[in-house]
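Number of protein chains: 10
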Amino acid sequence: MALVGKKFPNLSVNAMDEMGDTFKINVLEEAQKNNKKVLLFWYPKDFTFVCPTELHAFQEALGEFEKRNVKVIGASCDTAEVHFAWLNTAKDNGGIEGVTYPILADSNRNLSSQLGILDISNEQYDEETGAVTVEGDNVTYRATYLIDEEGTIFHESVNHMPLGRNVKEFMRLIDAYSHVQEKGEVCPANWEEGKEA
Amino acid sequence: MALVGKKFPNLSVNAMDEMGDTFKINVLEEAQKNNKKVLLFWYPKDFTFVCPTELHAFQEALGEFEKRNVKVIGASCDTAEVHFAWLNTAKDNGGIEGVTYPILADSNRNLSSQLGILDISNEQYDEETGAVTVEGDNVTYRATYLIDEEGTIFHESVNHMPLGRNVKEFMRLIDAYSHVQEKGEVCPANWEEGKEA
Amino acid sequence: MALVGKKFPNLSVNAMDEMGDTFKINVLEEAQKNNKKVLLFWYPKDFTFVCPTELHAFQEALGEFEKRNVKVIGASCDTAEVHFAWLNTAKDNGGIEGVTYPILADSNRNLSSQLGILDISNEQYDEETGAVTVEGDNVTYRATYLIDEEGTIFHESVNHMPLGRNVKEFMRLIDAYSHVQEKGEVCPANWEEGKEA
Amino acid sequence: MALVGKKFPNLSVNAMDEMGDTFKINVLEEAQKNNKKVLLFWYPKDFTFVCPTELHAFQEALGEFEKRNVKVIGASCDTAEVHFAWLNTAKDNGGIEGVTYPILADSNRNLSSQLGILDISNEQYDEETGAVTVEGDNVTYRATYLIDEEGTIFHESVNHMPLGRNVKEFMRLIDAYSHVQEKGEVCPANWEEGKEA
Amino acid sequence: MALVGKKFPNLSVNAMDEMGDTFKINVLEEAQKNNKKVLLFWYPKDFTFVCPTELHAFQEALGEFEKRNVKVIGASCDTAEVHFAWLNTAKDNGGIEGVTYPILADSNRNLSSQLGILDISNEQYDEETGAVTVEGDNVTYRATYLIDEEGTIFHESVNHMPLGRNVKEFMRLIDAYSHVQEKGEVCPANWEEGKEA
Amino acid sequence: MALVGKKFPNLSVNAMDEMGDTFKINVLEEAQKNNKKVLLFWYPKDFTFVCPTELHAFQEALGEFEKRNVKVIGASCDTAEVHFAWLNTAKDNGGIEGVTYPILADSNRNLSSQLGILDISNEQYDEETGAVTVEGDNVTYRATYLIDEEGTIFHESVNHMPLGRNVKEFMRLIDAYSHVQEKGEVCPANWEEGKEA
Amino acid sequence: MALVGKKFPNLSVNAMDEMGDTFKINVLEEAQKNNKKVLLFWYPKDFTFVCPTELHAFQEALGEFEKRNVKVIGASCDTAEVHFAWLNTAKDNGGIEGVTYPILADSNRNLSSQLGILDISNEQYDEETGAVTVEGDNVTYRATYLIDEEGTIFHESVNHMPLGRNVKEFMRLIDAYSHVQEKGEVCPANWEEGKEA
Amino acid sequence: MALVGKKFPNLSVNAMDEMGDTFKINVLEEAQKNNKKVLLFWYPKDFTFVCPTELHAFQEALGEFEKRNVKVIGASCDTAEVHFAWLNTAKDNGGIEGVTYPILADSNRNLSSQLGILDISNEQYDEETGAVTVEGDNVTYRATYLIDEEGTIFHESVNHMPLGRNVKEFMRLIDAYSHVQEKGEVCPANWEEGKEA
Amino acid sequence: MALVGKKFPNLSVNAMDEMGDTFKINVLEEAQKNNKKVLLFWYPKDFTFVCPTELHAFQEALGEFEKRNVKVIGASCDTAEVHFAWLNTAKDNGGIEGVTYPILADSNRNLSSQLGILDISNEQYDEETGAVTVEGDNVTYRATYLIDEEGTIFHESVNHMPLGRNVKEFMRLIDAYSHVQEKGEVCPANWEEGKEA
Amino acid sequence: MALVGKKFPNLSVNAMDEMGDTFKINVLEEAQKNNKKVLLFWYPKDFTFVCPTELHAFQEALGEFEKRNVKVIGASCDTAEVHFAWLNTAKDNGGIEGVTYPILADSNRNLSSQLGILDISNEQYDEETGAVTVEGDNVTYRATYLIDEEGTIFHESVNHMPLGRNVKEFMRLIDAYSHVQEKGEVCPANWEEGKEA
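Residue numbers (my numbering), protein chains in the order written: chain B, 1 to 197; chain V, 1 to 197; chain W, 1 to 197; chain Z, 1 to 197; chain D, 1 to 197; chain C, 1 to 197; chain P, 1 to 197; chain G, 1 to 197; chain F, 1 to 197; chain A, 1 to 197.
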């Protein structure tokens with residue numbers, strides 16, 4: 001079920017940043033209360049090799065996003081403690097030192113299961129023990145959500161595990177949506193800021 | 001629920017092309033039997049103004065997709081008759097004359113409802129008459145699916161109504177996925193064909 | 001289940017006319033608020049070949065219907081955008097240029113499914129995906145409803161796809177019903193205005 | 001729910017004709033076994049005043065229907081005994097003397113309830129006694145069915161109680177349908193035998 | 001389930017008499033409001049041969065019943081129109097001309113189904129169509145009810161189709177019950193008015 | 001629900017006669033195996049005052065019933081022991097000494113509850129104890145059944161407690177039914193053996 | 001489920017004594033309102049041979065029970081009328097003439113089914129007729145209940161059909177319970193009034 | 001629900017005797033396999049003061065029971081270890097030293113709950129924890145069962161906690177039942193061996 | 001389901017100590033009302049050989065627990081009467097004479113079933129009798145609970161039947177938890193009072 | 001529900017060790033196939049401060065466990081990648097470098113949810129979205145399981161988050177259980193290897 005056109009779920013989730021103290025983020029309120037757009041991107045696991053390149057790429061573009069009044073938030077299902085250890089690992093050692101935007105620590109999967117982006121399948125219920133077993137690591141695909149100032153999702157995409165994202169494409173989508181918001185014009189295929197809509 | 005990592009639904013759907021005769025396409029078989037990738041893109045309605053730019057953009061890139069062994073398929077919930085009328089309308093009159101790839105005519109919504117990309121909400125059941133009423137036009141968002149040679153979805157994305165798509169980004173994703181298939185290497189952020197993974 | 005003798009469903013539906021802007025029509029209110037009879041006729045699809053002859057035939061008789069205080073409304077499950085494109089297609093090209101009565105665009109099938117006139121069958125529910133698939137194009141048969149000033153249906157008929165309608169027969173039925181309303185006499189077989197009841 | 005496009009219900013029903021002995025008719029078999037079309041018309045009650053004019057009108061046109069290989073059958077929910085009494089009542093006394101086609105005596109409402117054409121409403125179940133009470137006389141509206149040689153309904157219509165039918169319109173529909181069967185051409189609005197389709 | 005000892009069902013039913021206008025009778029109120037006993041007898045069908053002899057027999061004894069403050073009511077499932085036609089048919093032609101007590105026209109079977117005296121069996125529900133089919137003509141057996149001034153049934157009996165009733169036996173039962181009401185004595189077997197209880 | 005036209009229930013019940021030993025009777029088999037008609041009459045209780053007069057009346061007419069090949073059976077819900085005590089009580093003491101036909105001892109109410117002739121009402125289920133309580137003595141009304149040689153009930157009647165039965169009326173009904181069986185003629189009202197049907 | 005330690009069911013039941021008029025007894029109120037103990041004994045059937053010896057034995061000991069403030073009540077499922085007939089039958093003829101304590105006439109089994117002492121088994125529900133059939137005569141075992149002044153059961157016992165009871169053992173149990181009530185001492189095995197507890 | 005007339009439950013239960021090793025007893029098999037009668041008596045708790053007197057009383061009568069081919073078995077819900085401790089406690093210290101018949105250790109209440117003789121009430125289910133809580137000590141009343149050689153219960157009785165049993169009464173019941181078995185005569189009230197039945 | 005981190009169940013349970021009178025203990029209130037920690041230990045059965053060594057070991061350490069403001073409570077499913085007998089049995093005879101802390105007598109298993117520490121398995125429900133049978137003695141494993149002053153469980157452990165407990169380990173856990181409560185420091189592995197955390 | 005006395009769940013779980021490749025461990029098979037005991041200990045999270053001291057303490061004692069034929073396995077809900085990062089972090093930096101036993105990576109919680117040791121509470125189901133939200137981090141308490149060579153759990157314990165474990169106590173429990181296995185003697189309280197049982 002597409003989430004585009006709907007409000008982002010109203011949930012508070014643990015988060016960590018380079019300061020080292022766990023805090024709470026509610027993505028919906030982040031957009032509505034601060035009157036900002038939000039770019040929320042999920043990656044499967046800390047301490048793997050595709051993921052840090054994505055986190056560094058978003059860090060490098062952070063200034064551009066801020067100019068557009070967009071808050072960037074990363075997310076995985078690891079704990080805040082693991083995020084902090086990774087944030088303290090040098091880039092050369094596969095770490096993400098230097099990342100300054102917050103990272104959700106959705107260890108209880110409250111948010112990722114509501115978005116439906118966990119890689120689990122074949123859920124099975126054991127009648128005798130009442131326990132549920134699944135196949136898969138119970139981590140998220142590379143899902144990305146663009147959310148407007150009213151908390152409405154205007155883009156969602158999901159990449160399979162091995163495929164990194166293109167930061168510029170999200171920039172383009174944000175610009176196009178801002179164009180629609182300002183001009184009331186729809187944006188045709190391959191639209192880019194500065195070109196004719 | 002993300003469809004990435006799952007097989008595309010096994011369904012035959014009516015389709016139309018510039019030849020004018022209705023025929024059937026089963027997207028899953030299209031990939032598996034012909035050992036091709038498939039790019040399937042949905043647009044809301046025939047005879048509107050954003051949509052033809054997207055259809056033309058895919059047509060222009062058709063050669064590039066074919067080089068990559070990718071079959072392009074368009075789709076909306078209009079009937080095959082309406083598709084044919086639009087195919088026979090000149091580009092200058094807002095038509096899509098010149099488009100040669102097939103377009104699904106999912107007028108019974110069998111496929112779009114299974115993908116969960118219809119813009120309907122507030123489904124209500126009337127106990128007395130047994131009828132169901134919904135809000136929304138019952139047409140699709142701008143959803144795109146990339147499917148590999150085994151029929152597995154490796155990318156899905158959904159844009160809100162007014163946002164056109166970027167054909168090059170899909171090209172990049174297909175190249176990156178082919179790279180993973182051939183090299184067994186994962187593709188980091190902003191990866192592009194010819195750069196180092 | 002016959003609908004004759006019951007009120008017409010109380011639903012607002014998108015509509016289009018030659019002016020080009022989508023608007024809403026509630027057939028029940030159209031009758032009750034304007035104290036008019038309504039003739040509502042459904043055809044399967046825009047841009048086909050039987051259908052335009054019916055639309056033109058109703059257009060030609062429009063003056064006669066208006067003399068009898070009858071509002072004529074056409075209807076199919078195509079979108080308003082498609083209706084407009086067809087309204088702008090010349091009669092010689094299979095279009096309906098010149099039609100001035102409104103045409104319902106029941107793309108979400110709210111009204112046609114409540115009337116039970118869609119050509120779908122073998123509805124099947126897929127337990128795993130929660131999706132419903134049907135056989136048929138999910139378009140309407142050639143159904144016609146005559147509704148009196150209180151919103152009560154006094155005639156309904158349904159023709160199979162290939163059979164066009166006879167505009168004069170509906171005129172006869174309207175005259176006969178008006179006769180009953182005025183004279184309180186029932187109308188025998190083959191009754192016609194001016195003959196003895 | 002429209003019955004057009006579906007097979008007529010497979011049911012045997014009591015019937016009476018001018019010979020005076022009750023016999024059984026299965027409308028579906030009547031069409032299929034004899035390779036005939038069937039025109040089945042329902043009227044509310046024996047011994048009323050609109051009804052005999054309709055019965056006489058069909059009788060007068062019987063030769064025309066037979067030429068077209070159409071079997072005419074009348075029907076109401078009265079018993080066969082009552083039909084016989086009415087058949088023996090002179091036309092001048094409000095009877096139907098002279099009618100030679102069979103008349104169904106659906107006193108148990110097996111067929112009329114399956115067709116959904118009874119004038120009952122507000123069905124209420126009494127929990128204590130297990131009895132069901134309804135409003136209405138539990139007789140049928142003026143419903144007409146045209147059935148082809150395979151038993152498929154190609155036209156249905158229902159008139160409110162006081163509106164008599166037009167025998168010629170049914171003749172026209174039968175001719176149009178035969179034309180489609182023979183020529184494979186669809187019949188546009190107001191089509192009549194001998195004119196161009 | 002025996003109905004003796006219970007109140008007669010509280011239902012209004014259409015009725016006809018020799019005056020020709022349909023009116024409503026509620027048997028329970030007929031007893032309670034007029035402080036009368038009621039003899040209600042059901043017969044299967046109008047225009048048959050056993051039935052008129054029973055109707056005439058009750059007519060002949062009508063004076064005796066009135067002397068005992070008993071209202072006689074006949075009943076079948078035919079319509080009021082059919083009752084009227086039969087009331088206007090001479091006795092010699094198998095009619096019931098001369099009958100002056102009212103006859104219930106329970107065409108919707110509200111009352112007869114609550115009494116459980118219809119000759120239907122093998123009720124079958126068709127899951128697909130939601131229709132119910134039965135065996136039998138859906139007419140009543142020869143059932144008779146004696147009801148006292150408080151609306152309580154004190155005798156019920158049912159004869160199979162071909163067996164006519166004995167009017168005198170009902171007279172005897174009414175006399176015996178009146179005796180019990182007045183004297184407080186129970187009435188032994190074969191008791192008759194004027195003999196010792 | 002009328003039982004006329006149905007087979008009598010297939011059940012074996014305890015019975016007693018003047019010989020003093022309990023035995024079993026299955027009424028249905030009694031008719032079918034012996035090719036006899038059966039008259040089965042129920043009375044409320046042994047050792048009351050109306051009941052013995054009925055039992056004596058049937059005894060006196062026993063020869064007439066036997067001539068007509070009818071087996072007479074009495075029945076109540078008392079035990080076989082109580083029946084025997086009553087059979088041994090002189091007529092002058094309110095007993096039924098001299099009765100020779102068998103009497104059912106339906107103390108477990110298997111048969112009477114299936115016939116629906118017990119005087120109980122307001123059945124209430126106590127959730128806590130699982131017990132059921134009723135109002136009434138749980139004895140039968142004065143119900144009479146006439147059963148033909150195939151086990152089919154052709155007459156049933158029920159009298160309220162204080163009303164004794166008329167043995168001759170049952171004789172008349174048996175004669176009429178035999179007449180129908182032999183002659184195939186239906187028997188009109190007040191028919192009696194020897195008169196014209 | 002043992003009933004000892006629970007209150008006796010709160011139910012009014014028909015009863016008979018040598019005076020001949022039916023009256024009601026509520027065993028629970030009998031104990032609580034009169035501040036008495038109650039001995040309630042059930043026997044299977046009137047007019048059998050073990051039963052009267054038990055009834056006479058309780059009669060003979062009645063004075064002893066009254067001295068102990070104990071009310072004796074007999075009970076079976078026969079009607080009050082049968083009880084009265086048996087009370088009027090001389091002891092020599094197997095009767096119970098001379099018995100003065102009341103006897104419950106639980107013909108509707110309200111009380112005995114709540115106590116669970118009926119000899120029925122294999123209850124079977126017939127889906128078609130809704131009737132229940134059982135095996136057994138639906139009479140009670142020889143069950144005995146001792147109830148104290150607050151309505152609490154302090155002893156229950158059940159004997160199989162052929163085993164008569166020992167009146168003295170109940171006397172001993174009542175004395176022992178009274179001893180506990182007065183002295184607060186528990187009563188060891190084989191305790192008897194006058195011996196040391 | 002009375003258990004008299006039914007087979008004793010088919011269950012194996014832990015038991016202890018003066019030898020000190022836990023073993024299993026199945027009471028039903030004890031009767032059937034050894035062709036013996038069984039007297040099974042339950043007491044509430046080991047190490048209380050009424051109970052040992054009952055255990056000693058049965059021990060003293062053990063020779064008499066054996067002469068009658070009756071196996072005596074005691075029972076409580078204490079463990080086998082506790083039974084052994086009590087068997088090793090001298091009579092003067094409230095113990096049961098000297099008892100030689102086996103004692104069931106129904107600590108899991110399998111048998112006592114099936115017999116329905118535990119003193120628990122107000123069973124309550126806690127939805128949150130899934131736990132059940134009850135009022136009462138979950139020990140048995142003083143219940144006694146007499147079982148014949150076929151495993152059928154012919155007597156059951158239950159005494160409230162403080163009331164000891166009378167060993168002689170059980171002897172009398174066994175003698176009476178043996179009398180019935182041998183002589184086929186029923187045993188009247190107060191019957192004793194050697195007296196006339 | 002782990003109980004650590006949850007409140008101890010709020011239940012009152014019978015208990016016994018060397019004084020000999022049964023009283024009630026609610027473990028949760030014991031902690032909360034007295035502002036104490038509680039050590040609750042369960043053993044399988046009184047009068048066995050491992051169990052007394054555990055009870056004596058806790059008794060010997062009682063002073064140390066009291067210094068730490070910890071209340072010690074023992075528990076099994078035996079009755080209070082059996083506990084008292086064991087408390088009065090000399091240590092040399094396998095008794096627990098000298099134990100002064102209270103011992104729960106959870107004979108109704110209200111608490112142990114809620115904790116889930118009974119050794120039962122294969123619970124089976126007998127549809128016919130409504131009885132439940134289990135395997136196992138229905139006694140507890142050697143479970144131990146440490147509860148803080150707010151009633152929250154901070155340690156739970158369960159040993160299989162033959163394994164005795166180590167009193168000092170519970171002392172260490174209590175000291176470590178007190179350290180956390182006072183210092184706010186977590187306690188690493190093998191922490192002991194006086195060592196560095 | 002205590003797991004002691006039951007088989008350990010039969011599940012394969014991801015694991016990591018100092019070699020860096022993810023592999024599968026099935027704890028039950030580990031015990032049964034290798035005929036070893038298993039000590040499985042769970043800690044809440046990688047990269048925290050209590051946890052590494054426990055992991056180091058088990059590492060130091062590894063030789064002692066191996067001498068006793070015990071396999072040590074650690075476990076948390078972090079991913080294998082995070083385990084590997086932690087295994088590569090020096091002890092001085094809060095890492096667990098030097099640990100050689102495997103560590104389960106139960107990121108999908110299949111095993112921990114079946115053991116019931118996750119710190120989640122207040123599970124809530126959202127009807128609209130079908131999503132489940134919980135309170136708590138969805139990580140495990142400090143739970144420890146001792147499993148014998150047949151896969152049966154003989155000890156389980158759970159410490160609240162801040163309480164570290166005592167490695168020696170588990171050694172003592174293993175020695176005691178081995179003693180029972182060899183000698184068949186139960187081990188009393190405070191038992192230690194080399195002391196008398």
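Treat the hints loosely; a few may be bogus.
Claimed, not checked - Distance ranges between label pairs, derived from CB positions:
#: 1; chain 1: A; residue 1: 29; chain 2: B; residue 2: 121; range: 16 to 26 Å
#: 2; chain 1: Z; residue 1: 21; chain 2: C; residue 2: 23; range: 42 to 52 Å
#: 3; chain 1: P; residue 1: 175; chain 2: G; residue 2: 136; range: 52 to 62 Å
#: 4; chain 1: C; residue 1: 64; chain 2: D; residue 2: 192; range: 14 to 24 Å
No lab work stands behind these hints, which were simulated from the structure alone. Here a beta-carbon is modelled for each residue, glycine too, at the ideal position from N, C-alpha and C.
For each hint, the structure was consulted:
1. The hint said 16 to 26 Å for the Cβ distance between residue 29/A and residue 121/B, and at roughly 24 Å that hint holds.
2. Our hint of 42 to 52 Å for residue 21/Z and residue 23/C holds, since their Cβ atoms are close to 50 Å apart.
3. One distance hint, 52 to 62 Å for the beta-carbon pair residue 175/P and residue 136/G, is violated here, with the actual separation near 27 Å.
4. Distance hint for residue 64/C and residue 192/D: a CB-CB separation of about 19 Å, consistent with the stated range 14 to 24 Å.
Checked against the numbered hints given earlier, this structure breaks only hint 3.
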